[in-house]
Amino acid sequence: MSRVYQLEASLNTDDHPYTHGIFTSSENAERYAEHLAGQPLEWFQAAHTPLRGLQAHVVHGSIDDDYRAVDAYYIRERWLDPEPNDGDK
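Taken in order, the sequence shown gives residues 30 to 118; the numbers are from this note's numbering.
FYI, nobody ran anything at the bench for these hints, they're computed from the structure. Check before you lean on any hint, since a few could be wrong.
Okay, the calculated beta carbon distance ranges per label pair [what the hints assert, rightly or not]:
1) Pro113 <-> Gln68: 35 to 43 Å
2) Asn57 <-> Asp95: 17 to 25 Å
3) Leu109 <-> Ala66: 23 to 31 Å
4) Asp93 <-> Pro113: 48 to 56 Å
5) Asn57 <-> Pro111: 15 to 23 Å
6) Pro69 <-> Asn114: 40 to 48 Å
Virtual Cβ for every residue (Gly too), placed ideally from N, Cα, C.
Please put together the full structure from these sequences, using the hints given.
Okay, here's the thing in structure tokens:
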């Protein structure tokens, strides 16, 4: 079994996050998300969600603007089995 980190992002007004990459470390996923966002992100633990992991948000616009959007970034730890039918768990 191999541990990988899946970067998902819900950009602007998308309702569902989409996978933007699979990485061998959480740090690599964080750096790529910051590249997508075009700015440093403040990451926090997403303990209240069904899938635990890291998340960060970027708010576009302000309270005074008519338009306001949020980009959300999620990093989830996943396990990959390179030989799924070999009988290990």
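Okay, the hints, checked on the actual structure:
1. Pro113 <-> Gln68: 35 to 43 Å: holds (39 Å)
2. Asn57 <-> Asp95: 17 to 25 Å: The hinted range 17 to 25 Å is violated for Asn57 and Asp95, with Cβ atoms some 37 Å apart.
3. Leu109 <-> Ala66: 23 to 31 Å: Hint holds: Cβ distance 26 Å, inside 23 to 31 Å.
4. Asp93 <-> Pro113: 48 to 56 Å: holds (53 Å)
5. Asn57 <-> Pro111: 15 to 23 Å: With a Cβ separation near 19 Å, Asn57 and Pro111 satisfy 15 to 23 Å, so the hint holds.
6. Pro69 <-> Asn114: 40 to 48 Å: holds (43 Å)
Of the numbered hints listed earlier, the single one contradicted by the structure is hint 2.
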